[in-house]
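Engineer: One letter stands for each residue in the lines below.
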Amino acid sequence: MASLAEREGYDVGLHLLDRQVVGADDRLVGKVDDVELVLDDDGALVPTALLVGLPALLPRFGRRLGGGLARAHRLVREAAADQELPLVVDFDLVEDVSSEVRLSEPAPGLLHRMAHERAADPRRCRVGDLLGLPVRCAALPRRSKVLDLRMTGAPGRPGEHRVVAFLVGPGRPGALFGYDRSSEPGPAAVAAVIHWLHRHARVVELGDGVVIDHEAGEVRIVAGTSLSPLRG
Amino acid sequence: MRPAVVAVLVALTLLLTACGVVAEPDAAAWDERAARALSDAGSQVATARLALESADEERTWSAYATVLVAQAEEAAGKAAEDLSRVQVPTARADDAADVLDLLDQAVDLVGEARAHSVDGEYDDQALLDALDRLADELRRAAP
Amino acid sequence: MKRYLAVLLGVLTAIGGFVDIGDLVTNAQVGARFGTSLVWVVLVGVVGICVFAEMSGRIAAVSHRATFDLVRERLGPRMGFLNLVGSMLVTLLTFIAEIGGVALALQLVTSVHHLLVVPFVAVAVGIVLWRARFSSIENVLGLMGLALIAFAVALWQLGPDWGELAAGLSPAEKPGAESWATYAFFGVALFGAAMTPYEVFFFSSGGVEERWTEKDIGVMRANVFIGFPLGGVLSVAIAACAATVFLPTGIAVETLGQVGLPVAVGLGKIGLAVVVLGFFAATFGAACETGLSTGYSLAQYFGFPWGKYVRPREAAGFHIILLAATVVAAGVLLTGVDPIMVTEISVLFSAIALPLTYFPILVVANDPDYLGEHVNGPVANALGVVYLVVITVAALAAIPLMIVTSMGQG
Chain A
7 MASLAEREGY DVGLHLLDRQ VVGADDRLVG KVDDVELVLD DDGALVPTAL LVGLPALLPR
67 FGRRLGGGLA RAHRLVREAA ADQELPLVVD FDLVEDVSSE VRLSEPAPGL LHRMAHERAA
127 DPRRCRVGDL LGLPVRCAAL PRRSKVLDLR MTGAPGRPGE HRVVAFLVGP GRPGALFGYD
187 RSSEPGPAAV AAVIHWLHRH ARVVELGDGV VIDHEAGEVR IVAGTSLSPL RG
Chain B
556 MRPAVVAVLV ALTLLLTACG VVAEPDAAAW DERAARALSD AGSQVATARL ALESADEERT
616 WSAYATVLVA QAEEAAGKAA EDLSRVQVPT ARADDAADVL DLLDQAVDLV GEARAHSVDG
676 EYDDQALLDA LDRLADELRR AAP
Chain C
15 MKRYLAVLLG VLTAIGGFVD IGDLVTNAQV GARFGTSLVW VVLVGVVGIC VFAEMSGRIA
75 AVSHRATFDL VRERLGPRMG FLNLVGSMLV TLLTFIAEIG GVALALQLVT SVHHLLVVPF
135 VAVAVGIVLW RARFSSIENV LGLMGLALIA FAVALWQLGP DWGELAAGLS PAEKPGAESW
195 ATYAFFGVAL FGAAMTPYEV FFFSSGGVEE RWTEKDIGVM RANVFIGFPL GGVLSVAIAA
255 CAATVFLPTG IAVETLGQVG LPVAVGLGKI GLAVVVLGFF AATFGAACET GLSTGYSLAQ
315 YFGFPWGKYV RPREAAGFHI ILLAATVVAA GVLLTGVDPI MVTEISVLFS AIALPLTYFP
375 ILVVANDPDY LGEHVNGPVA NALGVVYLVV ITVAALAAIP LMIVTSMGQG
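Residue numbers (my numbering), protein chains in the order written: chain A, 7 to 238; chain B, 556 to 698; chain C, 15 to 424.
Okay, chain A solo, but in the shape it has when bound (with noise of 0.2 Å):
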């Protein structure tokens, strides 16, 4: 099975999200519900922890959706305030990313709630808010999101973790079903349909030229910065 660790780099939303977290002593933790990233100071997005549970899960369901589950997560639970922040595991205990996410530590006693101010944390964010943030461009089509982050380094290998790439392009985060990658085959008829509906799906490295506007929910690419298609 080829591991992450073996390549250079990877696809959040493709490669982490969603995946099964399983401790060291083979128990099943949850699912990769949210990434939380850190911006470093010279404004790097690096990710510092999982996050595992409903407060974390809920939000991804989009706007509308997401936030009318999370109130009925929240009244639910009521008795318990803390509930709606989500779980945490650290980044570092990852060891590795296959089809599954393996930690280096036993599952009991491995999850800790988010406290207060790191949720407030306005460095911070989750990759389930980035994706699916509109893009403003002028070389893209109008109704463009992010759709994956591109990340460099493997889990449990020293050495930086961050992102430095966003696939952008219209459609919905996920829809690519792993066919941007050259390495996927697929049934070809399959793949020639995904790729023909993100025909107009690019890839733009991190830099000055991407500005990720939190206040405004958007992500404005400066004109003549350069995009790169997707199996370049």
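Keep in mind the hints are simulated off the structure, nothing from the lab. Just so you know, not all the hints are guaranteed correct.
The list that follows gives simulated cross-link-like pairs (lysine to aspartate or glutamate, EDC-like), each with its CA atoms no further than 20 Å apart [stated by the list, open to error]:
no.	chain 1	residue 1	chain 2	residue 2
1	B	Lys633	B	Asp663
2	C	Lys283	B	Glu587
3	B	Lys633	B	Asp656
4	C	Lys188	C	Glu178
5	C	Lys283	B	Glu613
6	B	Lys633	B	Glu676
7	C	Lys16	C	Asp352
8	B	Lys633	B	Asp653
9	B	Lys633	B	Asp586
10	C	Lys283	B	Asp656
11	C	Lys188	C	Asp175
12	B	Lys633	C	Asp352
13	C	Lys16	C	Glu224
14	C	Lys283	B	Asp586
15	C	Lys283	B	Asp678
16	C	Lys16	C	Glu228
17	C	Lys283	B	Glu612
Following the hints, complete the assembly by docking chains B and C onto the known chain A.
Structural biologist: Only chains B and C this time, still in chain A's reference frame:
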């Protein structure tokens, strides 16, 4: 939002009027219902016949035959009742009396078969013949 | 030697496990109304379930991921959730139908009304799901389900005109009184009965539970490629029996008792007793499988511990779901709803739910991240794509056909 709400309301109203209980069905619709009821009843009569015959030849045990015939009686009764509840179009007034009469016969006869089955009398040749005749008649009546 | 025995046991249980209440009722209904002119749909369905069960089994063996893990990983939380709700409803509906089927089978022996039997059946299913070991559920009930082979023997004893049966295989031999819409409706229902999604949920989750590895792929393939087609042969035998006995007399199949009647005619009391035992085992086995499948799909979507090998205390959520599903099923049946009608609806909605489950399986079966060298070959891919189209057409056609034919009555 507004046009969608209106569309849904219109669709609901149409649906409700279409399902109107007291609306007089046209002759064709009644014919179709009658044919369905007749073939249903025919199927139940034939089932009862086959169940009695198999029990007589000791090919089933009594509980099995009784359950089969009792379920056939229930289904035949439901077919007759469903049709009798439908308003008869004036063009079919005479036919309707015949059809409903035939269906009632079927219900009675399958009921008799059930009584025989409960008592363990599977070899009543007269009943078997009557079931045969009625099954034929129902099949002919249902186009 | 032991390995061959394991293969044999797997094949035998796959045969017995293939047929459930949906197959029993739908095949008998179709045989009684259409003779053998819809047998080709069973063949198409069996090839389809083989293609996708093999893929999901291979994924389970190599990457230890069960079907609903894949659904969420590839469809994302939103579409995955939609799929979860749909699949749960269909599986629960099937679960209700299976429990009703067990009660109906017991009614045929005791003549006690099935409503009075339902609570006891539900308790029995609950206890088995709670206490029994996974392999014993599968093996004991699967082997008992083999009793349905009596249908094939009965067919031979009935001595039908084989030439006529064979000539009736062509769709052109559809009885003239039936419309093409009804023909298509029953075709979709038969397809749904053969390809019910829970079979794949259960099969792949079972593989993960039994810790299949790459070495087990051969055994898994033998089970799928021998067991399921032979199960399909049983389905065809049921249809052919009904065609022989019921088609000439104009009997429409509406009860489980009628499904077994051709065997009584062909083989007598003992054959009938064997078949009723088969009804019991097939429906009880399928009740356990569908019950477990509801727990599997929920637990795999949300990622909490699941499985019969995990102690109930550690997989509390999973076991609570099983318990809740059993209570709901018993409650629905106690409203007096006809289990046969629930069955008819469940096979139809199975057909509707198929694409959402089988598409992610096909995509992941091509992903070297999961399968390495065991990714789909060209044959599996060609069949997979063809079936994706077939499944989508069937799913889209199901509801319109249901309305046009008023559930096949027209």
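Engineer: Each hint: holds or not?
Structural biologist: Hints, one by one, checked against the model:
1. Lys633(B) to Asp663(B): It holds: about 13 Å lies between the C-alpha atoms, which stays within 20 Å.
2. Lys283(C) to Glu587(B): With a Cα-Cα distance of about 39 Å, the restraint between lysine 283(C) and glutamate 587(B) is violated, given a limit of 20 Å.
3. Lys633(B) to Asp656(B): holds, 14 Å
4. Lys188(C) to Glu178(C): holds, 13 Å
5. Lys283(C) to Glu613(B): holds, 7 Å
6. Lys633(B) to Glu676(B): Cα-Cα ~25 Å, so violated.
7. Lys16(C) to Asp352(C): Not satisfied, since the Cα-Cα distance of roughly 45 Å exceeds 20 Å.
8. Lys633(B) to Asp653(B): holds, 18 Å
9. Lys633(B) to Asp586(B): Cα-Cα ~18 Å, so holds.
10. Lys283(C) to Asp656(B): Given pair lysine 283(C), aspartate 656(B) is violated - Cα atoms ~37 Å apart, limit 20 Å.
11. Lys188(C) to Asp175(C): holds, 17 Å
12. Lys633(B) to Asp352(C): Holds - the C-alpha atoms of aspartate 352(C) and lysine 633(B) are around 13 Å apart, at most 20 Å.
13. Lys16(C) to Glu224(C): holds, 17 Å
14. Lys283(C) to Asp586(B): Distance ~41 Å between lysine 283(C) and aspartate 586(B) Cα, so the pair is violated.
15. Lys283(C) to Asp678(B): Judged against 20 Å, a Cα distance of about 17 Å means the pair holds.
16. Lys16(C) to Glu228(C): Status holds; Cα separation ~18 Å.
17. Lys283(C) to Glu612(B): holds, 10 Å
Comparing the model with each earlier hint shows violations of hints 2, 6, 7, 10, 14; every other hint is respected.
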